[in-house]
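Chemist: Respectively, the protein sequence lines represent chains B and L.
Note that the first sequence covers residues 0 to 311 in numbering that gives the first Met the number 0.
Note that the second sequence covers residues 0 to 439 in numbering that gives the first Met the number 0.
Certain hints may be false.
Going by beta-carbon spacing under 8 Å, a handful of chain B positions derived as facing chain L [unchecked claim]:
{"id": "1", "residue": "89"}
{"id": "2", "residue": "90"}
{"id": "3", "residue": "154"}
{"id": "4", "residue": "203"}
{"id": "5", "residue": "228"}
{"id": "6", "residue": "247"}
{"id": "7", "residue": "250"}
None of these hints come from the bench; they were simulated from the model.
Just so it is clear, CB atoms sit at the ideal spot from N, CA and C, and this is done for glycine as well.
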Amino acid sequence: MQLERKNILDMASLSVDEISTILDTADSMKEISQRPVKKVPTLRGKTVVLFFYEPSTRTRISFDIAAKRLSADSLSISASSSSMVKGETLIDTARNLEAMNPDVIVMRHSSAGAPHMLARMVRPCIINAGDGMHAHPTQSLLDLMTVRENKGEVKGLRIAIIGDISHSRVARSNCIGFTKMGADVIISGPQTMIPKGIETLGVSVTHNVEDAICDADVIMMLRIQKERQKSFLFPSEREYARVYGLSKKRLESAKDDVLIMHPGPINRGVEIAPEVADGPYSIILDQVTNGVAVRMALLYLVAGGTRNADTD
Amino acid sequence: MQILIKGGRVIDPGNFNAIADILVEDGKIVKIKSNDNPRQPPTSNEQPATSNQQPESRTIDATGKIVTPGLIDMHVHLREPGHEYKETIESGCLAAASGGFTAICCMPNTNPVNDNSQVTKFILQRAMIADTVRVYPVAAISKGLEGTGLCEYGDLKDAGAVAISDDGCPVSDSQLMRRAMEYAKGFDLPVISHCEDLNLLAGGVVNEGAFATRMGLPGIPNACESVMVMRDIALSELTESPVHIAHVSTMESVRAIRAAKKRGVLVTAETAPHYFTLTEDDVGQYDTNAKMNPPLRSKQDREAVREGLADGTIDVIATDHAPHSSIEKEVEFDQAGNGIIGLETSVSLSLKLVEDGVLKIDELVEKMSTNPARILKLENGLRAGNSADITIIDPDILYTIDVENFCSLSRNTPFNGREVKGKAVLTMVGGKIVFEDKIK
């Protein structure tokens, strides 16, 4: 399997075929993590830089594990430990990294478009691990993989995404990714959290959470950040939980085979009740497991492994 | 020194529009003679000097060209003092001359801020040394652009300021804005308002809407501008003072200004070529050269701005020339500096309005010369006795905008590589030719 591209920047730029290729590759990668010896030599001699300008645990660890299981050399840089604190610009830092010949730069940045700028300026492959409120393609791919794994296919499913859509790169990438793969996406949340023109991504909007939940095959809850109260997005966590949170009671109106997802980190008792997060419909931890497989697949596909991983 | 500008279409809006010759002597317009005879093809560009002519006399063949009163850009950032790596008064004046402008107004957000007569005098002194185009300083409304105390308008006026503005920083305090309007009235200084509600701005970097949503960039709603336009119209009514709205970008602002003008409010307005040429979609893949404040808006807004120009709601085309270096622009989009340069592209982009049927050529000249002069009370017009501030435009020349040919020290424009039609080919200030392109 091949991917004719150097960078993974956002879901908008990936074609349906490319997404399918990535998901198929991820399926085959998954088994490696279940072996007693979780390592294949596929990316031996390749260098992967994890360039994280914004704090991240899950995504960074997931990429790090993915790189190591493929035998790539991986190293992490964070904003606080880089020359950024000395006032170096992003481009200068990137050019310095480039001068040391890494093969892949995995990048997380608080500014939308930062990986796109890097991709124009430096040679190594760029994988976007989240840029501002813009895109989080690897999260979307792992969500697609998880849904496909559980439901057989994505096409024709109804996906409800509920929460702070405005500030969520996961929501944007999933609106685009799931729609592209043939699902119907419905988003819901208070009007303050629904960005203008979101329908142009091909999704529908409802302000009534019940409407979003009742016919959904998948319910994806988004994290509510307490500090958004300061910008008047919502009055209190209490009211948010009551009106928009996914409680056990609210879940009763959902389909019998509904799946509950969350990109994490979860706020127990705010957007999702603990018993729902831990309940039988939840596939939240499957998402995390699949994250490693998807990232292995991407590293393999962009860094051009010389041998197919499944033959090792 | 005698200069004869021969055979051009001479346009002095509301006064004159005919094929005519202009005779300039000792820096002044001496005579304008309408030339209704069938035109004879000129034999050569320059008539050979004969012994009985003054050795410096010269004839400029303006056949097929448009001859206008000197163009005025009333919204320019010259960056000096303080940010000379982006632009200096000298380089900015050269850029203005090559863009066809004979006069520019420079905004006060320099370092130090032009909030006292010393800085105003410094700017004028530097402009005198540059000796290119006329520079009219706009002084600050509030000390340090901080929005807390009035500047000494009497002093500033005496030093040479022609208007006041806190451009770049809106005056958030309505009481301060009211008092500024009232106090400035005593000195006949127009107030130029940068209309922006900082609470509604909320960190936005592009127009709010589908584009911002898709790109994951925080949006700036139209109301961020229009609520302040409406406030300043109300304050203008309250104080019976003139207010000039800078860089109008939204439909709602155009509507508010149109309605205010209808009931006699002393409001005037300007927009910039990028607002009637581009839309938010031109930001593309995070192009920081398309980042400015106010931001590029929707197609609807662009249409409203063009309608505002057509029906006279918007009086002036000004560029908001805002030089930035790669230090401000080759960074993450949300951290990039706001603004683009405009002096050297304005005429070409504005002529498109004539081609598109939005404005008649007379109206365009009005918006780029007559009206800014009227608002700022500057001498203007192609009349005998006036200073010979003249721009000659070739409306037909086709060329590609190339930043490498710019006189500005900065290169931040989204128009690089754009095919355009028409440009200024000669700029004359007080009878002195400060810019001359090859005239065919």
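Chemist: Taking the hints in turn, state whether each one holds.
Modeler: These are the hints, each one checked on the structure:
Contact between residue 89 of chain B and chain L, as hinted, is supported at the beta carbon level, the nearest pair being about 6 Å apart and thus within 8 Å. Evaluation of the residue 90 of chain B hint against chain L yields a held restraint, the C-beta minimum of about 6 Å falling below 8 Å. Because the smallest distance between the Cβ of residue 154 of chain B and any Cβ of chain L comes to about 23 Å, over 8 Å, the interface hint for this residue is violated. A least Cβ separation of about 15 Å between residue 203 of chain B and chain L goes past the 8 Å threshold, and the interface hint is therefore violated.
Interface restraint check for residue 228 of chain B: the shortest CB-CB distance to chain L comes to about 14 Å, outside 8 Å, so the restraint is violated. With 8 Å as the threshold, the beta carbon of residue 247 of chain B stays out of range of chain L, its nearest partner Cβ sitting at about 33 Å, so the hint is violated. With its C-beta approaching chain L no nearer than about 29 Å, residue 250 of chain B sits outside the 8 Å limit, and its interface hint is violated.
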